[in-house]
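Each residue of the sequence shown is one higher than the one before, starting from 56 at the first, in the numbering used here.
Just to be clear, a hint being listed does not mean it is correct.
To be verified - Result set (DSBU-like, lysine-lysine): computed pairs, CA atoms no more than 35 angstroms apart in a straight line:
{"no.": "1", "residue 1": "138", "residue 2": "200"}
{"no.": "2", "residue 1": "138", "residue 2": "117"}
{"no.": "3", "residue 1": "172", "residue 2": "258"}
{"no.": "4", "residue 1": "138", "residue 2": "172"}
{"no.": "5", "residue 1": "142", "residue 2": "172"}
{"no.": "6", "residue 1": "189", "residue 2": "200"}
{"no.": "7", "residue 1": "262", "residue 2": "142"}
{"no.": "8", "residue 1": "138", "residue 2": "168"}
{"no.": "9", "residue 1": "172", "residue 2": "183"}
{"no.": "10", "residue 1": "146", "residue 2": "117"}
{"no.": "11", "residue 1": "262", "residue 2": "183"}
{"no.": "12", "residue 1": "154", "residue 2": "168"}
{"no.": "13", "residue 1": "183", "residue 2": "167"}
{"no.": "14", "residue 1": "167", "residue 2": "154"}
{"no.": "15", "residue 1": "189", "residue 2": "258"}
Simulated from the structure, these hints should not be mistaken for lab results.
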Amino acid sequence: MCQEERMSGAISLKETCCYHSMFISSNLCEPLSQFLIREAGEPVKNTIGRRIFDREVKRIRKTVIFLLGVAAVMVMFVFGLGKENPKATIKVTVGHLSKEEQDAASVPEANKKDLRKLEVSVRIDDSKSATDRKIELPYLSTVIKQFDQSRVISTSSFEQNNVGSEPFAISEQSVIFDARGLDEEAIRRMFETSYAVVSWTSKDNAKTYDRFSIGNLLHVQQEP
């Protein structure tokens with residue numbers, strides 16, 4: 056406690072120091088040095104708090120930007136920028152047999168050099184949401200038999216068309232036949248009026264139909 060020392064009606068130097076300490080600090084007679092240290096700590100606390108605040112603002116800003124980006128992508132998809140664009144492709148080739156195919160062919164060895172393989176492959180892609188999807192191919196062996204019953208050696212086919220669960224459909228056919236006396240133009244004419252037909256219906260009930268002449272698209276592969 057401060058003690059008053061009165062000298063000739065005046066307040067002593069010790070009492071004056073005590074009053075000044077009471078004015079500066081709420082703690083009675085708190086040493087001035089301790090008060091200055093305590094007050095100096097406040098700017099440091101404010102600086103740390105400001106850094107934390109800025110960090111939180113940046114985090115929130117990044118979150119908002121991310122959510123806006125996601126929303127923009129969803130809007131683009133809803134309004135058609137992410138809409139499917141179904142397309143059909145067809146490949147028609149005539150070429151020589153592989154060694155394995157020649158070995159498997161049940162014809163005299165001398166005639167194997169005259170064998171050819173006709174392949175037709177049709178795809179519809181980017182069409183998962185289609186409610187209906189079809190690929191129709193003529194029987195290649197039937198077309199050849201209409202020209203000559205004895206030319207067909209073997210046939211094979213493959214189809215995959217899982218509507219609604221896969222974004223594509225595939226239909227393939229091949230026929231190995233005796234091409235003796237037939238040049239490229241004769242084979243092309245044989246299939247000129249034979250068509251690969253594709254069709255699909257979109258989820259908004261828009262229907263698409265197209266057909267391709269197998270003879271017109273025929274490509275002859277060169278002998279390896």
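Each hint tested on the structure:
| no. | hint | result |
| --- | --- | --- |
| 1 | 138 - 200 | violated (44 angstroms) |
| 2 | 138 - 117 | holds (29 angstroms) |
| 3 | 172 - 258 | violated (38 angstroms) |
| 4 | 138 - 172 | violated (39 angstroms) |
| 5 | 142 - 172 | holds (27 angstroms) |
| 6 | 189 - 200 | holds (26 angstroms) |
| 7 | 262 - 142 | holds (13 angstroms) |
| 8 | 138 - 168 | violated (50 angstroms) |
| 9 | 172 - 183 | holds (32 angstroms) |
| 10 | 146 - 117 | violated (50 angstroms) |
| 11 | 262 - 183 | holds (15 angstroms) |
| 12 | 154 - 168 | holds (11 angstroms) |
| 13 | 183 - 167 | violated (43 angstroms) |
| 14 | 167 - 154 | holds (10 angstroms) |
| 15 | 189 - 258 | holds (15 angstroms) |
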